[in-house]
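Q: Chains A and B, in that order, are what the protein sequence lines are.
Numbering-wise (this note's numbering), the first sequence opens with residue 1 and increments by one.
Numbering-wise (this note's numbering), the second sequence opens with residue 1001 and increments by one.
Derived from the structure by calculation, the hints contain no laboratory data.
As the structure is a computational prediction, the values presented were derived from the model and not from experiment.
Beta carbons: idealized from backbone N, C-alpha and C, even for Gly.
Misleading hints may appear alongside valid ones.
Said to hold, decoys possible - Using C-beta positions, here's what the derived DEER-type ranges look like:
(1) A/Glu-81 to B/Leu-1403: 43 to 51 Å
(2) B/Gly-1540 to A/Glu-439: 38 to 46 Å
(3) B/Arg-1004 to A/Pro-549: 17 to 25 Å
(4) A/Asp-235 to B/Lys-1445: 32 to 40 Å
(5) B/Gly-1504 to A/Arg-120: 15 to 23 Å
(6) A/Asp-31 to B/Pro-1404: 51 to 59 Å
(7) B/Arg-1203 to A/Asp-444: 19 to 27 Å
(8) B/Asp-1265 to A/Glu-40: 51 to 59 Å
(9) A/Asp-225 to B/Gly-1504: 27 to 35 Å
(10) A/Asp-225 to B/Lys-1181: 45 to 53 Å
(11) B/Arg-1004 to A/Arg-120: 48 to 56 Å
(12) A/Arg-120 to B/Ala-1202: 39 to 47 Å
(13) A/Pro-549 to B/Ala-1202: 52 to 60 Å
(14) B/Asp-1265 to A/Pro-440: 49 to 57 Å
The lines below spell out each chain.
Protein chains: 2
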Amino acid sequence: MAARIDFQTEPARYRHWKLSFDGEVAELIMDVDENAGLFEGYQLKLNSYDLGVDIELADAVQRLRFEHPEVKVVVLRSGKERVFCAGANIRMLAGSSHTHKVNFCKFTNETRNAMEDASRASGQKYICAVRGTAAGGGYELALATDHILLADDGSSTVALPELPLLAVLPGTGGLTRVTDKRKVRRDLADAFCTIEEGVKGARAVKWRLVDQAVPNSRFQQAVKDAAKTLAAQSDRQSGAKGIALTRIARKIDADTVTYSSVKVDIERDTRRATLTIQGPGAPPPAAAQAMVEEGAQFWPLRLARELDDAILHLRLNEPEIGVLIFKSQGEPALALAYDAFLEANKGHWLAREVLHYWKRTLKRVDVTSRSLVALIEPGSCFAGTLAELAFACDRSFMLIGGLPGDNRPPAALMLSALNFGAYPMSNDLTRLATRFLGEPASIDKAKAEAGKPLEAEDCERLGLVTSAFDHIDWEDEVRIFLEERASFSADGLTGMEANLRFAGPETMETKIFGRLTAWQNWIFQRPNAAGAEGALKRYGTGVKANFNPERV
Amino acid sequence: MAARIDFQTEPARYRHWKLSFDGEVAELIMDVDENAGLFEGYQLKLNSYDLGVDIELADAVQRLRFEHPEVKVVVLRSGKERVFCAGANIRMLAGSSHTHKVNFCKFTNETRNAMEDASRASGQKYICAVRGTAAGGGYELALATDHILLADDGSSTVALPELPLLAVLPGTGGLTRVTDKRKVRRDLADAFCTIEEGVKGARAVKWRLVDQAVPNSRFQQAVKDAAKTLAAQSDRQSGAKGIALTRIARKIDADTVTYSSVKVDIERDTRRATLTIQGPGAPPPAAAQAMVEEGAQFWPLRLARELDDAILHLRLNEPEIGVLIFKSQGEPALALAYDAFLEANKGHWLAREVLHYWKRTLKRVDVTSRSLVALIEPGSCFAGTLAELAFACDRSFMLIGGLPGDNRPPAALMLSALNFGAYPMSNDLTRLATRFLGEPASIDKAKAEAGKPLEAEDCERLGLVTSAFDHIDWEDEVRIFLEERASFSADGLTGMEANLRFAGPETMETKIFGRLTAWQNWIFQRPNAAGAEGALKRYGTGVKANFNPERV
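Isolated chain A, as found in the complex (with noise of 0.2 Å):
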């Protein structure tokens, strides 16, 4: 394993992808290099990929969005001459621990959902154009996309070859997206599913599994009509200027990563990390054209790039670290007023994008298998958007006055208009709307609250905290919930959380992350697939996987 995965590139460093421009579209062109794998033991050979590889089809994702509002569809294509994509390296995956396997697939899901939701949110529509083989990972990234073509040329497929060659499931989201995206028949489905090879051309086309078959002659034209097509669908602003994700500042040492608004302190011993958000040192910009002079410096957007890549290095470099503690400072108000810039100014193409990152950052809170708690005291920021990290927290604790000796103001958490349809869950509900799922009328009790400052007795009343303590309880009780929480078993709390989480309505990214996903870490787990004699170990040694047929 590396000593520590960066989750920050930038295209001029990308080693597997490459992107071109052209007008308002643009190519994503996978051409990995396999000598530059993430970990030692393993060539990326035929476009396969490991998380470096993902790391850097996430930045350029991130990237279309906020420095290409000019580009209305994404060509994705393989920059290799025979193969699309051959998904994740299995090599790779055999030598990885469980740990590894689970959260490099909740990436790489997070990504492929990030690429539907540019193509749904923000009208940055994706084709996959496919010549060669795209299987496992392969096809999953093609399915993706909008659109799909298929070169029809007798040996371009798509497959998902995993249940037959590795006993394993098609893990980023494929037998999801086969049957509720594409909504292939389930016994067509079933069949793919077990025929190693693939499917191809009219029969591909048929299945539903692709959208065109086109022979060679007409391909580059048939994914230019595409392009076309989709493009007159796209609301996105012509003529937008994007602003530049610059570097984000970041400090690492060994139990604290220091960004310029959020810090992380770790403490190992009682694996613990706290995230300390910062609010807005001043108020935001006059008008939209400001924002866009910020650009990465906007408040909002520097902070979620912070968040996201804080989350994203707990979650990966730090295994052992089973509670995640939020806290914030700052002057609720401003941060109320950011909210109300990004609310009036939403029809601004960047003032879009900043809700919609914030809208995915908050999501990959939520699938973060780690306890999450808030703590909220004198001097906090919980306020519009920052609140809803205490929304996305399993418990949140709120002090009642303040502490001897502190003579700041009562905590007050904020409400604003955010609170209630910007930053949906996977479920496609508010996290309000999942919290009082038994009691509606709570939605519109807090709503009536917007813009107040909510002291903890009164969140407590209005159901948006879990407890409210004064200062003679407070050090005792969230001192008992974090050693209590770090007595439990880090599997149990993985799957009641996972489960506890998520109530109300299911959708497509819910049954990735819930049903298949966990599905997904149950076979990681069993000999027949991780085992000495298992299909992982074994694949690519010639000698056939030894399988235990009890079902169970």
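Guided by the hints, dock chain B onto chain A, whose structure is given.
A: This is chain B only, laid out in the frame that chain A set:
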């Protein structure tokens, strides 16, 4: 392990439950005989349960519907002084194989779903009267009822202590019903699931965990009042007289199970079982009263009971049988006549019960973790209700014409009105609607053909079967499919099938079987729960479990 687990029982043989009747209210009393566990090695103390206890419960729930149409409300209570129910027996769980644990949970889930189905579909409401502790599976049993009364006596509690005590999840729908049925606020649900000793009295009401907390002095009266209220809401016909669910005729040999209308043939070396379903031998009765007189011998009821038993037998007693092959024999026109009879009499209490029982039996097939395939050959009887079995399968193959030397007419599949609404899957869509999620017009096309014999090429054109083969290819194609299936990892198939079978919307049931079950299966494999130093193994030893803190 016992030699063979038998799912057939009757009240006179119950060791753990008592049924008593008072007009439209029945009492279902849990009074577990601690020395009558299904296996050696544990005592069923404190009304804890094992599969044997749940088999009796499932039988009682079933008999209440068929034998007691007059019962509008069932009051579930404990026959012990200080405890309602301590949940699944922990020593039983710790000593069970992974396979048994998973199948035990699946069956108990189906039983709780059957209680909810009785309420929703058949107007037979359930009340849970909790005095003493309802912990883990004990509270999950309460959660399956319509109304929970908790004695407000300072000691009676409801609890889900699985996570803190055992490092596993409440695996019988608890987490899902807490968030989605009772709509407990997610942070309170989180708190509740970590409080080993549970929650009592007013707090349990406030958190929505129970409906009423009532002092002992008024408890009996409150239960009576609640029963009266619920009975008034029931649409169950007053004055109907039940039928007796007589013992099913069954002969179990080494490799066969023979019922009156189902035959199971097991091929151990290839790990296949063939279930041959026999269609009706005569037309349906002329009128509803004749159906009542036939009672348990009424063909659709008799067949459903036999099929249900066969599926459960294969699940629990034949874990190495990986593929279930469905065949049928009989006169399709007679099967359709039964469907027409049921449809015409669906307002009659018994026809309604039979229809809902078929719905539940087909759902049992849907969630059976074996590969399911239908072979539709000359002489078969996949008509109407029986065609649902083909639609429940992962694949269906149909012979075009006949095999050499067989002069019977070609196979024909037939549809009836019951294929279009009577038998929703647990996603609340019919099997045809799930099948045609991507092409809803195909549902109407199929509907237009209802009542007509549809030969193989018609069925293929209409999308009703996976593939049609003529006699030249038939044997090879079927053989290749079966051999291929046997070569795949059992776990991979389980995960794949669980994902592909349930496209489209989600319900509490699909969440329980898809999401919750998958997480629980995963956790049951993790060392923190099931390892030598895990919580399940160490429970009751006085030695604390040793947890790997790594989060995945």
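Q: Each hint: holds or not?
A: Status of the hints after comparison with the structure:
Evaluation of the 43 to 51 Å hint for A/Glu-81 and B/Leu-1403 yields a pass: the beta carbon distance comes to about 48 Å. In this structure the supplied range 38 to 46 Å holds for B/Gly-1540 paired with A/Glu-439, their Cβ-Cβ distance being about 39 Å. Take B/Arg-1004 and A/Pro-549: their Cβ atoms lie about 20 Å apart, and the range 17 to 25 Å holds. The given range of 32 to 40 Å is respected by A/Asp-235 and B/Lys-1445, whose C-beta atoms sit roughly 36 Å from each other.
About 19 Å separates the C-beta atoms of B/Gly-1504 and A/Arg-120, a value consistent with the hinted range of 15 to 23 Å. With their beta carbons about 56 Å apart, A/Asp-31 and B/Pro-1404 fall inside the hinted range of 51 to 59 Å. The supplied range of 19 to 27 Å is met by B/Arg-1203 and A/Asp-444, whose beta-carbon atoms lie about 25 Å from each other. Taken as a hint, the range 51 to 59 Å holds for the pair B/Asp-1265 and A/Glu-40, whose Cβ atoms sit roughly 53 Å apart.
Separated by about 32 Å at the C-beta atoms, A/Asp-225 and B/Gly-1504 satisfy the suggested range of 27 to 35 Å. Hint check: A/Asp-225 to B/Lys-1181, Cβ distance near 50 Å, so the stated range 45 to 53 Å holds. Roughly 53 Å separates the CB atoms of B/Arg-1004 and A/Arg-120, a value that falls within the hinted 48 to 56 Å. Checked against the hint of 39 to 47 Å, the C-beta distance between A/Arg-120 and B/Ala-1202 comes to roughly 45 Å, which is consistent with it.
The given range of 52 to 60 Å is respected by A/Pro-549 and B/Ala-1202, whose C-beta atoms sit roughly 53 Å from each other. A hinted range of 49 to 57 Å holds for the C-beta pair B/Asp-1265 and A/Pro-440, which are about 54 Å apart.
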